[in-house]
Amino acid sequence: MSASDRHAGRARAWLLAALIAVPPMARAQAPADAPPAEAPAAAAAEQPTAAPADGPTSREPTPEQKTAKAELLLEKALAAVSASAWKDAAVWAHEAWVTFPASEERREAAELTLADALLGMGFTQAAASHYFDVVERRSMPQLLPRALAGVEGLSRRGLVLEEDLLRGVLADADLANVPPDLADFLHYQRGIANLRLGNRRWTGYEFDRIDPKGVYGQKARLARAVSLVRDNEPDRALEVVEGLLASEASPAVEQEALLLRARLLFEAGRLPEAVESFRKVGGTRAVAGGEVLLERAWTHYREGKLHDAMGLVYALAAPAHADLFLPESYVLRGLIYQRFCHFRAARAAAADFRARYGDAISQVEAGKAPTEIPVIAQATLIVPQVAAVLRVSDAMREEVRLLADQGSWMEEGGLRAHLVNLYGAGGARLERLRNVAVRHGSEEVAERLLAAREQANLLEYEVGVSIHKRVNDAEGKVWRRPEPQVVPRTGDKNFYRFNGEFWTDELPDMRFLIENRCVE
Amino acid sequence: MMVPAGNRFRILLAAAAIVVTTGCASMRVAQPPAPEDEIARLQRNVNKVRFAIQSTRDQIDRARGQAYLPDLYLRLAELHVEEARYHYFIAYEGQKKRDKAVTSVQARLLKERAVAIYERILQEFPDFADRDKVLFFISHEFRELGEFDKMREYLGRITTEFPQSKYRNEALLVLGDYHFDRAELDQAERFYQSILASPESQTHAMARYKLGWVRINRLDFPGALKLFEETITHLLEEEEEAGAPSRRIDLRREALVDLVFPYTEVNKKPVDQLGYFRKLADSRTTYLAALSKLGRRWFVKGEFTYAGAVYRELLDLGADNDDSVEWAQRLYDGVLREKRFDHVELDAKLLGRVYLARRYDWRLAPKERENLRAEFEAYVRDLATRAHLAAKERSDTELYARVGDAYDAYLQVFDDAEAVPEIRQNLAEVRTAANQHYLAGKAWEAVMEGAIAARTAGKGGAKAAPKPADTAKADEAKADAKGAPAKDAAVAKADAKPKVAPPRANAGTTEQELRDATAGAVSAYAKALEQAHKMARLEQVQARSGLRRAAKFYVASWPNAKDRAAVKFNLARSYYDEAHYEEAAELFAALVEEFPTAPEGEVAAELALDSLRSREDYEGLIALSKRMQKNPRLTAKMKADLASLAAGAESRALETVTLGAGSAGEGMVDGLMAFASTHAGSDVGERALVNAFITARNSDDLGQVIEVGERLLREYPKSDVAADVLATLGKMSVQAADFERAAQYFDQAAAAQKDPAARAPTMRAAGTLMAYLGDGKGARRAFAGVLAGATSDAAKQEAALTFAELLELSGDWAGSAEVLGRARSSGATNALLEYRLGRALDRSGRAREAGAQYEKAASLASADPDQAEAIAAARFLIAEGMYRQFAAISFGGGADAQVIQAKFGALSRYEAEMLDVIGRQSARWALAALGRLATAYEDAAVFLEKAPLPPGLDASGAERYRAALASRAEGFHTKAQEAISTCAAKAGELKVFTAAARACLAGKPLAGDPEDRFDPPARRAAPSTGRSKELREKIAKDTKDFASLVELATLYLQAGDPYQARLVVDKASEGGADSQTFNLRGVIAYRLGRHQEAYESFRAALDKDDSNVRARLNLTALYRAYGYDRQAQAESAKLEAGAAGRLAGDAAVIPGTTEVR
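Protein chains in written order, with my numbering: chain B, 1 to 520; chain D, 1 to 1157.
Don't take every hint at face value.
[To be verified] Restricting the straight-line Cα-Cα distance to at most 25 Å, the calculated cross-link-like pairs of lysine-lysine (DSS-like) are:
1. D/527 - B/368
2. D/534 - B/368
3. D/731 - D/777
4. D/552 - B/368
5. D/991 - D/1134
Read the hints as simulated data drawn from the structure, not as lab findings. Remember, it's a predicted structure, so these values are computed and weren't measured experimentally.
One chain only, chain B, in its complex shape:
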């Protein structure tokens, strides 16, 4: 059970106890207190949160009456949450929230209940907004753990923008009443925020307070390793990563650590070890499995295992990797063919590159915005920074549709109006962020594409030159033609002729038999 689950369990138990304490009469009367069901959404949007829907009248209840009513609604909402009756819970919690006077501490309990109910209905972004609101207000420290648990849970699902996690809300949250696992979450986010600011001491201060065995402790170690890499201290970074891998890291962190380890080993020239590490990486949230394959292929190429490198390059042609953007794979293919003196095939790799991306490059050259070029737009979607924003933005769009699909029940108490307002503002923000991220991401992709084009051009040139010179290796020794590999009729390995059929489990181990045509 995760920290947030445990915490949610405790919260439910507490709520149940509160429900038992509610007088039966109050429960029976609760529906009658609900606000008019048909409150116009637009009007509600004008006054979303500042005050209850009812304006001041001659019979306006006293603050005490309001509080009593709100308490009643809150108890009903809590009971509904316990019963997973999310709609009821949402309506009552919302009404309680807007009914409580602004100075009433219990108002936050109502908001938190509303967040839980919205989360239960699939309105993750609205829930996140309310969780953040509770954290930010900090008026009821005992509620902070629940709100943080909500944020943390959504963060783990990638449904909260990093920008929101790193801004002051979490940084300023009080740790006094926060259970250790959530404190780890907070310390981690604060540490990351400090890393972004470039303050290693503060980062250390936060990371030192995290349980090193927990997920956030592991992530903190990983973040430390990355920062060491940025500080140009690869040996120390590798040390940290090795330590992390020696412990029992969570699968996701382990994958990240293995990838980082592989890259560090590659840079250190420890290629066989790098390959072994790459081999264990199936992919991370930011780096798809296909991209890891390509990195491994480059490593094989650098260590001179060209058959293995070419096998992986061909594995990248599998449908499983069709959505990846790997223009460099064509260059690598060409380089490998060149090393084998298959000059026509090497040139064909450059030609294939042009066939695949030439149109996109022409459009870039013609001045078309990269975002409007299909190949680039598609590739932009998998740029890590863009993907993170899109994940949240897509959730937001989906939830806006979900909101539109809700029936009249949501009008009750002005809940729909509130959500329309919330999703209007949040949606606009995310659309803006989405546009910015996509624009920057597409420019990054376009730049990468142009760089690959340059590489392809150079490859063609090199191939042209290579045709006229002896094939030597970098040290000037003559490139010896290895013995051609003979496919045995029998043996402990089975050989199959490649017929364009890809098996996912075979992709990481594909090798490519190719004759070396270089002269000795």
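Go by the hints and put chain D onto chain B.
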């Protein structure tokens, strides 16, 4: 549940600290849960603690006299204190936490009971180990009860009675705080100092902190600053020593925040205030708390620069909270007050960020959001435009760049503001002023697109009036822009909407502005591309496409605009820079056509041609150059330049075609020939043919070389290279064994050659070939030229002798005499020349003149073997006259005795001459001399044998006389035989093939001419068809085809043309003659009467291949012809039977000796 006393104490201490520190700083207190639950919980706790109290009492009763009895009392007192605390909180919750100063009767009573129990311990257990603790607890309870004098009394007892107690410093701290709260600073300081004077403890940090506040109250800010710093640093060190996070972080935070005040008093001009606080802060939260106070402090002090730096940091750290708006406002106000825009880009970004955080905040009402938008839009715009004006005033490029970033920040946040068109315009201007050309291009393009969109929307030409956030403020804003000082920050804030400097006086979207923006985009992108290497790839690509887009729009929209030439130039340049030369050339050419006199026109002309040159399209370049030159509006200089460029291009074009020819294989010169056709009659056309000729020459394809060479000579007869071409053709014809053609070419080459020194060898080659081919007239003309051109006697002699030999080869002795005579008359002479001239004269029937020449030759002396042989020959031939005189003396011409005397006198002289010849180291002439001596001796013997008897002799006398003569005659016979034997022996030794040798070998004296005389073989035209033609064509393709050469020589020989056969076989010998070639060479020499040479060749043939039957047959025949019978026998023995018969009629076998006369 049992709670350790120590833990309880800490809880109490913490609660005490809350109360004590309220005057100095605030400390967080955990909030209680909801009241309903809390009171019930507290009441439950009361019940529990009461139960514990009763249990303790019961235990005390049971434990009388036990050592732990005082501990039980102590526990009992603490339980009372605990119950008192529950009652306090019940009262606190009961009045809804409105005030912490709650009166609880139960709490007071319980505390008093507790104090009584503590005092009983002191009285009844004087030896109790924890008396100091009891004293401290009593003092604490008195403090809580407000009985401070009693509290001081008990605390004082701790300090005096227990100086080593761990409660001593705690007691001093409480005492110090007591006096501090009463503003009794001296007393307070005394107590705090007492703590600091003791060894370092947990209490020291608090003591320093408190003492710091004492200093502040005494206005000793440096002292306070030092103490706060020490508080923080000691805590940091403590944490580092512990190796774990400190639990006392709140004190550090408080110390840092409280440090702000003395810091701003001590550091009036701080250098690195942010670094200072960052270093002391343990976390971002602490840092921000301190900065928040620091910013406020500076702002209050009117230090807006420092305040601004702090607020920037606060906002930049993303600390977005309720204070952010205020910080942003203060930042804005401060900048306006200071009028310093050094950070305008950051300020704009930060202010925009504060607004953005609220723009999408669902918790804010739309009206509130709108107000914030209006406020912040005006802030950012105001800052940026004011900074813009400042940059203009100072011409500050760096500030322009910052302003550009500020405008960018504005446009990113307020992209729907009404001022956007103006800000875009401003942005474009500042980017241009900042020399940020790429960004300027983007900005101008944005202005352009905005204007186009506005025009499309029906606003074309209509200016979008600048609308600041508040129209009423626009005038004020304009006034500000003209230099009016900004209002006081407070006033500006009161206005809610700040004044905004107008972006520019005439901002909008007029046609003129659209045009300027479009031209600006073109110009900016063009400048950016001049530094393309500094740009990212995408930037380069986008700059080019942007430039083209703008330029095309410009050209299409304003066909008569004055800067159209520049725009078109940049458009063409963009293609040129991207190596799209075809488009570039076209556009540049069009530009030249349209604007021939514009500055861009001249450069465009060059670039147009350079575009084609880059593509190596020289033909296109030349054509374009010529086309442009026809433009009458072009200046003379431009035309000259174009012509020069075209000329250079022609050369480059020729180079390109020539280089192509070098690797074109079959038909390699086709390109050059075609080029020559295109440029017929021009220098470059001639050079093309020359290059084609040189290229073809390297191919060994005579046909192609002749074709190219003759075309060159035909089309450019006065070409400087004509002579060389002809000479080359001649040489190649020789190589191809086409001697007639070679002779013609050499002849023509010699005629074309202007340099006499160079002409001589050509003429000589021509002459030589003509001589061989029987063209004596031509040969004489050629050698006449050679002789005329010879600059030294030696050269003349050598040329004359060579030519004479050629003439003699075909029996033209008269010609030889003429050549040699001409050479001699020119002054060149030597023994050989004189001798050869004499011999030629002799052979042509001019014996008298010949004798004179022999005399001249004989009179010379030389050690040179050839010269020596010539002298020997001359002397021999001169002596031939003596011999004839000797032979002519016969009886009957006078008195016999006198006749005899005359005869033998002549013999004696002749003998002396011959001995002289023999002594001259010439085998050939020594044999002749021996042979001729033998003849003379025989003649003398016969003379004696036929001598008449003197008159008057009797028979016996006659007999004796006859016997005496016979005896002398016999002596001459013997001498004759000896001479013949010697001659034959020498001939056998030296293998000499002359008439003299043959005579000696035959045992006969030399009767006639010492040298064989041959009639030169009749010339018969060599066949030029059939196999001969095939061979010649083959050889023309491959001049190293030696087998074909040998075969051709044989064919010539068979056809009766040993002359050409000799030329061919000499050519065949260049590759290293084999046995067959040597044999053929011998046969030809034999046919030409050069038997000595024939012998050498046959011998060489056999040396090369001992099994060469033809050579052996030939050598055998030659031996037989000259009487070398033994040698002939020996060679014959090596031949297989029937060989001679089988090879009869073979052209490579000499027919025998019948031809020898």
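Quick rundown of the hints versus the structure:
{"no.": "1", "hint": "D/527 - B/368", "in the structure": "holds, 21 Å"}
{"no.": "2", "hint": "D/534 - B/368", "in the structure": "holds, 22 Å"}
{"no.": "3", "hint": "D/731 - D/777", "in the structure": "holds, 22 Å"}
{"no.": "4", "hint": "D/552 - B/368", "in the structure": "holds, 15 Å"}
{"no.": "5", "hint": "D/991 - D/1134", "in the structure": "holds, 19 Å"}
Going down the numbered hints, you'll see the structure goes against none, and every one checks out.
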